[in-house]
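Could you put together the complete structure from these sequences and hints?
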Amino acid sequence: MLADLIERQERALLTTDVRTSPEHLRRLLTDDFFEIGSSGRMLYRTASAATMDLGEIHITLSDFSLETVQDDVVLATYRTEDHSTGRIALRSSIWVNVDGQWKMRFHQGTIVPPS
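Position 75 of the sequence shown, counting from 1, maps to 361 under my numbering, and the rest follow consecutively.
Take the hints with a grain of salt, since some may be wrong.
What the hints assert, rightly or not - Lysine to aspartate or glutamate pairs mimicking EDC-like chemistry, simulated, CA-CA at most 16 Å apart:
1. K389 / E309
2. K389 / E293
3. K389 / D357
4. K389 / D358
If you're looking for bench data, these hints aren't it; they were derived computationally from the structure.
Quick caveat: nothing in here was measured; it's all calculated off a predicted structure.
Put into structure tokens, the structure is as follows:
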């Protein structure tokens, strides 16, 4: 099922092995990928993993949902908790089917203010 595949790929992108591997990032992100991080910074796939600051994190994902935008384009939304800071973020990603392989085109994280 597509939702399971995309959720697995989202979870993979939260692991240190994938986040620090140019090969894995090439496989999971489109060439023109960009992100508006929860910090407000813009990040681009064309930057090196070191420049993108995609190092080790301790985040868990919950409340995953997937909606079809159009053929070969889906929107994933979910919630994360950063266990090192306690911060909660709402996240969204646009995934596109590129030659039979689903790749992330865009991602945004928005911090949920403490209540």
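Hint check: K389 vs D357, CA-CA at most 16 Å. Holds or violated?
Holds - the C-alpha atoms of D357 and K389 are around 14 Å apart, at most 16 Å.
Need the status of pair K389, E293: alpha-carbon distance at most 16 Å? holds (12 Å)
message: Hint check: K389 vs E309, CA-CA at most 16 Å. Holds or violated?
response: Between K389 and E309 the Cα gap is close to 13 Å, so the pair holds against 16 Å.
Checklist line | Given hint D358 paired with K389 - CA-CA distance at most 16 Å | finding: holds (10 Å)
Consistency with the previously given hints is maintained throughout, with no hint failing.
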